[in-house]
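Chemist: With the hints as constraints, model all of the structure from the sequences given.
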Amino acid sequence: MPAVAGLTFLVLPLLGLLVRAPWATLPRRLAEPAVLAALRLSLTTATLATVLCLVFGVPLAWLLARGSFPGRRLVRALVTVPMVLPPVVGGVALLLVFGRRGLVGGPLDAAFGVSLPFTTAGVVVAEAFVAMPFLVISVQGALRAADTRYEEAAATLGAGRWTVFRRVTLPMVAPGVAAGAVLCWARALGEFGATITFAGNFPGRTQTMPLAVYLALEQDVDAAIVLSLVLLTVSVAILAGLRDRWLGGAG
Amino acid sequence: MGRRLLVTLLATAVVAGCGGPADHDTAGGTPSGQPVAGTVTVLAAASLTESFTRIGAAFHRAHPGATVRFSFGGSSGLAQQITAGAPADVFASANPDTMTTVTDAGDAAGKPVTFARNQLVIAVPKGNPQGISTVDQLASPGRKVALCAAQVPCGAAAQRALRAAGVRVTPVSQEQDVKAALAKVKLGEVDAALVYRTDVRAAGDVDGIEFPASASAINDYPIVALRAAPNPSGGAAFVAYVRSEPARAALAAAGFQRP
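Taken in order, these protein sequences are the chains called X and C. Residue 1 is where the first sequence starts when you use the UniProt record's numbering, and the numbers rise one by one after that. Residue 1 is where the second sequence starts when you use the UniProt record's numbering, and the numbers rise one by one after that.
Please keep in mind that the hints were generated in silico from the structure rather than gathered at the bench. All the given hints hold, so there is nothing to weed out.
Here are the in silico distance ranges between beta carbons for each label pair:
# : chain 1 : residue 1 : chain 2 : residue 2 : range
1 : C       : 139       : X       : 2         : 55 to 61 Å
2 : C       : 131       : X       : 88        : 31 to 37 Å
3 : C       : 131       : X       : 104       : 25 to 31 Å
4 : X       : 97        : C       : 131       : 27 to 33 Å
Quick reminder that beta carbons are idealized off the backbone N, C-alpha and C, glycines included.
Modeler: Pasting the structure below:
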């Protein structure tokens, strides 16, 4: 019984979206350039953020799983902080560091005239900040579960550390990396708080789907429902597709 | 924090001082004749944060049995909450259009009344480091400007004011409410933002520059008691109090114009 209640609780709001959707005007609303611009931006930035997370997150996960250094437990805990931090707080923190007057952003702006807030790059940074822990935790779990004897065998056969990582470790933990990347992408796609705080809101440049939903709600509930449906459909379709292809339906 | 508390206390004292015995008919009376008690829940535009907090404290002094609880936010969002059934006694909006959302849905008890008016100014960092003096300068290339999104009242007003000035400004961001736009100025992330005069006055650490075209984009602030109010007599008393002389004085001190 509690299981059914749990399922109902999770599914009912989604059904509510479908019931309240303005089906009659749906095609016209979907064709609006603003909707397509927000969707394109969301998909692009979530994908770029995932790539960024893979490039930096996989080595970090490897370090946390295999490296031995003082304070490793503390570092592990620190990595998960963005998961529990309210994303708005993350956005404020990013502003204080990467903003035009920020610790890093200030010198960056002065030296190169580069400023992240209010740019698409800023959206990617905000999304990566919030989503990276999902990838790191997933990959770290896979690495710790993997048998290290294969790596040791490869090493005794003369493979260098990079070769071992690339030819032995990575293929072994590939499902973990894939699952982590999917989680990371989904989290980046839904990111709202850090994005609106750090990157602001401008159509076509920093207004992702969740921001468009929030602002549409201020004026036109139907428009917000349509945007929500689009986001829901796209994310479910992509997650289902990836699951079959990458994870073989397992997990 | 301490300074802020002191300012609030002083303002409350001023408000209380203005309310002589003669004002008590408007301030203290309730239309229904019931005693005013319990919690009064007021949903109010973000730009009313400072002035209504003070008025709420003064209201509590006038009616010791009653406390006002506020929820401040973008007017449009609050209006959506009301039509979606949020339990509240009073709604104060930053423009009449947003109020229409509530009255059209049949959620208002009675007709909204305008209790204050507000005007836009150009907010710049303290000391105006870029020497901005006219609204035209907001359009110069490389200038970073934050505006409110057109969906919220301050954004609608900004559009009107810029159109009146004949200036095309491409903002770096369209913020979700006026306080968010102001925060971007305070953090130094933008060079300027169009916000209400009252927000600049309340913030203290930014400068406000008046510009003539803002006269064609003055926002009327309507207030109304709500039909589904859990505390109808409290709500009616608060609406009456906001229109009383002490409250008007507090609003004027915050930079609002009289209706």
